[in-house]
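For the sequence shown, this note's numbering gives the first residue as 31, with consecutive numbering after it.
No lab work stands behind these hints: they were computed from the structure.
Wrong hints could be hidden among the right ones.
To be verified - Taking CB as the label site, the calculated pair distances span:
#  : residue 1 : residue 2 : range
1  : 52        : 85        : 26 to 32 angstroms
2  : 85        : 42        : 20 to 26 angstroms
3  : 90        : 53        : 17 to 23 angstroms
4  : 74        : 47        : 17 to 23 angstroms
5  : 69        : 89        : 20 to 26 angstroms
6  : 53        : 83        : 22 to 28 angstroms
7  : 90        : 38        : 28 to 34 angstroms
8  : 53        : 85        : 31 to 37 angstroms
9  : 90        : 39        : 17 to 23 angstroms
10 : 76        : 53        : 17 to 23 angstroms
11 : 89        : 41        : 16 to 22 angstroms
Quick reminder that beta carbons are idealized off the backbone N, C-alpha and C, glycines included.
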Amino acid sequence: MDRIHVIEMEGTLLVKRLVVLPGHRVRVSNDNPAYESFVVDPHLDEFRVIGKVVGSLRAI
31 MDRIHVIEME GTLLVKRLVV LPGHRVRVSN DNPAYESFVV DPHLDEFRVI GKVVGSLRAI
């Protein structure tokens with residue numbers, strides 16, 4: 031699942047890279063090194079995967 035997803039954590043929408051770890055945990059990471067990765071239990075009520083990012087729009 032090492033792809034970019036939209037997730038909801040504690041009511042906030044985030045765009046993050048998700049990696050499934052052993053023990054049914056998920057590492058939530060950023061392509062921006064200024065932000066640290068963290069590990070969550072995907073069964074918690076405050077964590078929800080909304081969907082996979084399939085593209086992006088950019089101004090030319």
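Against the earlier hints, flag every one the structure doesn't satisfy and list their numbers going up. Failing hints, ascending: 3, 5, 9, 11.
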